[in-house]
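K.L.:
Add 55 to a position in the sequence shown, counting from 1, and you land on the number used in the working numbering.
Hints were generated in silico from the structure; no laboratory data involved.
Cβ atoms here follow ideal geometry from the backbone N, Cα and C, with glycine treated the same way.
Don't take every hint at face value.
[Claimed, not checked] Per label pair, the in silico range of CB-to-CB distance:
1) R133 with V176: 19 to 25 Å
2) D131 with R103: 25 to 31 Å
3) Q149 with G86: 33 to 39 Å
4) S111 with D131: 17 to 23 Å
5) T166 with G86: 17 to 23 Å
6) Y74 with P136: 30 to 36 Å
7) E104 with Q149: 16 to 22 Å
8) R126 with W150: 28 to 34 Å
9) R89 with P136: 31 to 37 Å
10) T162 with R89: 31 to 37 Å
11) D107 with E172: 28 to 34 Å
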Amino acid sequence: MSLDDGFPSYRFSVSLGRYAVESVRSVSGLGAARCGDVVVVRGTDRSREFTDWVASGNAAADGGALRQNVRITEYDARRRPVHTYHLSNAWARQWDAPAPDADGTDTAEETVTIRYEDMTVE
């Protein structure tokens, strides 16, 4: 089997300081904007540190002291880094819980909207 068989054309990893977020399904909103929102969709087997940060940021209107620097790395199909996005002074602005699945056939996913003050790309 080739490395490209059955894998999406890119993947993401998201880090909050020194903590990685597991099971990142998708990231949207990455672009050249100096400030804005990025949306991360992740599975329920998530990192506790990131989950705590999301819960704390969601409770505060503007993130306040909960602002962190977030790094999002995009990989190609061979797991080589393509771009790294650095989000400065970011906080979790919104959290959408996984939708119940009565059949139990889909993986539960949650959506986290991260607001940032500045983005740099390398």
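K.L.:
Next, verify each hint and record whether it holds.
P.N.:
Results for each hint:
1. Distance hint check: the CB atoms of R133 and V176 are about 21 Å apart, consistent with the given range 19 to 25 Å.
2. In this structure the supplied range 25 to 31 Å holds for D131 paired with R103, their Cβ-Cβ distance being about 29 Å.
3. With their beta carbons about 19 Å apart, Q149 and G86 fall outside the hinted range of 33 to 39 Å.
4. For the pair S111 and D131, the beta carbons lie near 34 Å from each other, so the given range of 17 to 23 Å is not met.
5. Between T166 and G86 the beta carbon distance is about 18 Å. The supplied range of 17 to 23 Å therefore holds.
6. As the Cβ distance of Y74 to P136 is approximately 18 Å, the hint placing it in 30 to 36 Å is violated.
7. Distance hint for E104 and Q149: a CB-CB separation of about 19 Å, consistent with the stated range 16 to 22 Å.
8. Against the hinted window of 28 to 34 Å, the Cβ-Cβ separation of R126 and W150 comes to about 20 Å, which falls outside the hint.
9. R89 and P136 have their C-beta atoms about 23 Å apart, which leaves the hinted 31 to 37 Å range violated.
10. Between T162 and R89 the beta carbons are some 34 Å apart, a value that agrees with the proposed interval 31 to 37 Å.
11. Checked against the hint of 28 to 34 Å, the pair D107 and E172 fails, with Cβ atoms roughly 21 Å apart.
The earlier numbered hints that this structure contradicts are 3, 4, 6, 8, 9, 11.
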